[in-house]
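Residue numbers for the sequence shown follow the UniProt record's numbering, beginning at 1 and rising by one.
Any given hint could turn out to be false.
Claimed, not checked - Distance condition first, Cα-Cα at most 27 Å in a straight line; then the derived DSSO-like pairs of lysine-lysine:
#, residue 1, residue 2
1, LYS159, LYS71
2, LYS71, LYS161
3, LYS124, LYS61
4, LYS161, LYS124
5, LYS161, LYS143
6, LYS143, LYS71
7, LYS61, LYS71
8, LYS124, LYS159
9, LYS143, LYS61
10, LYS159, LYS143
11, LYS143, LYS124
Since the hints were made in silico from the structure, they are not lab data.
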Amino acid sequence: LLKPGPEQVTALEPEQVWVADITYLPLRSGTAYLSLVTDACSRKIVGYHVGENLQTENVVKAFRQALRRRKTTGPLVHHSDRGLQYCSVLYQSVHERNGITCSMTDGYDCYQNALAERINGILKNEFLLSRPADLAQAREIVKESVAIYNHERPHLALKYKTPDDVHQAFYRQKTV
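Take the sequences, apply the hints, and build the full model.
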């Protein structure tokens with residue numbers, strides 16, 4: 001649905017399209033895995049979870065967090081790559097129970113999930129510069145990084161506004 005063509009979906013407002021991905025975080029004592037759900041319009045990270053493995057349950061935690069924070073009930077497209085976690089029965093059942101349309105890349109083409117990949121890169125290259133000692137420290141650093149990213153980091157693509165500013169401005173307009 002997010003690939004070029006007549007069926008392509010474009011996010012015109014927040015909470016219409018979410019993109020998701022998983023990235024690894026090197027720790028001094030191993031590896032952690034960061035699951036992110038990002039709003040395609042505002043670029044706001046709406047859900048995240050840092051887990052110790054690639055189990056589907058960890059990815060579902062990020063997705064459920066995003067759903068709990070959601071302010072609208074309109075149609076929603078969830079886009080991801082074809083990772084095993086996103087294709088799983090458990091993950092797809094969350095889509096079904098919440099009436100969410102699933103969209104996936106054709107294969108493992110990172111360009112078809114470019115926004116999610118970009119957010120991974122921003123977090124890892126701008127905020128997560130040192131290796132956390134352990135999972136607990138990684139979770140704390142990610143929590144702080146997501147808050148800074150959402151509330152303080154302006155984006156050129158958002159006309160130098162922060163993701164949260166764009167997200168909230170839409171809802172302020174709706175209530176006026």
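inquiry  = Of the numbered hints stated earlier in the document, which are not met by this structure?
reply    = none
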